[in-house]
Amino acid sequence: MTHEPSPRDASRSAGPPAQYLTFSLGAEVFAMDIRTVREIIQHGPMTTVPLMPGFVRGVINLRGSVVPVIDLQARFGRPPAEVGKKTCIVIFDTLRDGERIELGLLVDAVSEVVDIPADAIEPPPNFGASVRRDFILGMGKVGTGFIILLEPDRAFDVDEMARLCASSQDTAAA
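The numbering used here numbers the first residue of the sequence shown as 213 and each following residue consecutively.
Derived from the structure by calculation, the hints contain no laboratory data. Don't be surprised by glycine CBs; every beta carbon is placed ideally from N, CA and C. Mixed in with the good hints there might be a few duds.
What the hints assert, rightly or not - Label-pair ranges, simulated between beta-carbon atoms:
| # | residue 1 | residue 2 | range |
| --- | --- | --- | --- |
| 1 | R290 | V261 | 32 to 40 Å |
| 2 | G238 | D309 | 31 to 39 Å |
| 3 | V261 | P291 | 18 to 26 Å |
| 4 | R312 | V261 | 17 to 25 Å |
| 5 | K298 | L274 | 16 to 24 Å |
| 6 | L263 | E324 | 36 to 44 Å |
| 7 | G355 | G310 | 18 to 26 Å |
| 8 | V325 | S277 | 18 to 26 Å |
| 9 | L263 | D327 | 39 to 47 Å |
| 10 | L263 | P335 | 36 to 44 Å |
| 11 | R247 | G310 | 16 to 24 Å |
Work out the full structure: start from the sequences and follow the hints.
Take a look at the structure:
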């Protein structure tokens, strides 16, 4: 009996490898599709905004635009990141109501850009992940290990973050 590949299997093996920007949070390595990344900047002064959720570290002025900066450690439910020599901000694009919005991610360090073929991406684990499962696109096989590939549209869903912000403001007003 032969195994017919499912459409999902066929799509995973088709096409050239995608490129992912890798970065670290503590000892863990994460990555996101390089096509969503605009630039990487050095950590610098930030303006804090009252009544924002704890994972919004503040805003920066990026060539005249106000860009919110998300502390990725805090977004994942961990203690806020400590700023070190290699700490940087990854500026990336996301969509809200069909409009492009820039957000910044505070990460411990940016590592490299890696090519990961679609057939080297496994589904997120059902348990044991240190990040919400819906934040994970998959587990990219690189060498003998795995890199956690983030799903930016879920992990940094602007509408979900706005709801969290509104609920933190309601709590503060009560």
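These are the hints, each one checked on the structure:
{"no.": "1", "hint": "R290 x V261: 32 to 40 Å", "result": "violated (21 Å)"}
{"no.": "2", "hint": "G238 x D309: 31 to 39 Å", "result": "holds (34 Å)"}
{"no.": "3", "hint": "V261 x P291: 18 to 26 Å", "result": "holds (20 Å)"}
{"no.": "4", "hint": "R312 x V261: 17 to 25 Å", "result": "holds (21 Å)"}
{"no.": "5", "hint": "K298 x L274: 16 to 24 Å", "result": "holds (20 Å)"}
{"no.": "6", "hint": "L263 x E324: 36 to 44 Å", "result": "holds (37 Å)"}
{"no.": "7", "hint": "G355 x G310: 18 to 26 Å", "result": "violated (39 Å)"}
{"no.": "8", "hint": "V325 x S277: 18 to 26 Å", "result": "holds (25 Å)"}
{"no.": "9", "hint": "L263 x D327: 39 to 47 Å", "result": "holds (42 Å)"}
{"no.": "10", "hint": "L263 x P335: 36 to 44 Å", "result": "holds (37 Å)"}
{"no.": "11", "hint": "R247 x G310: 16 to 24 Å", "result": "holds (18 Å)"}
Checked against the numbered hints given earlier, the structure breaks hints 1, 7 and satisfies all the rest.
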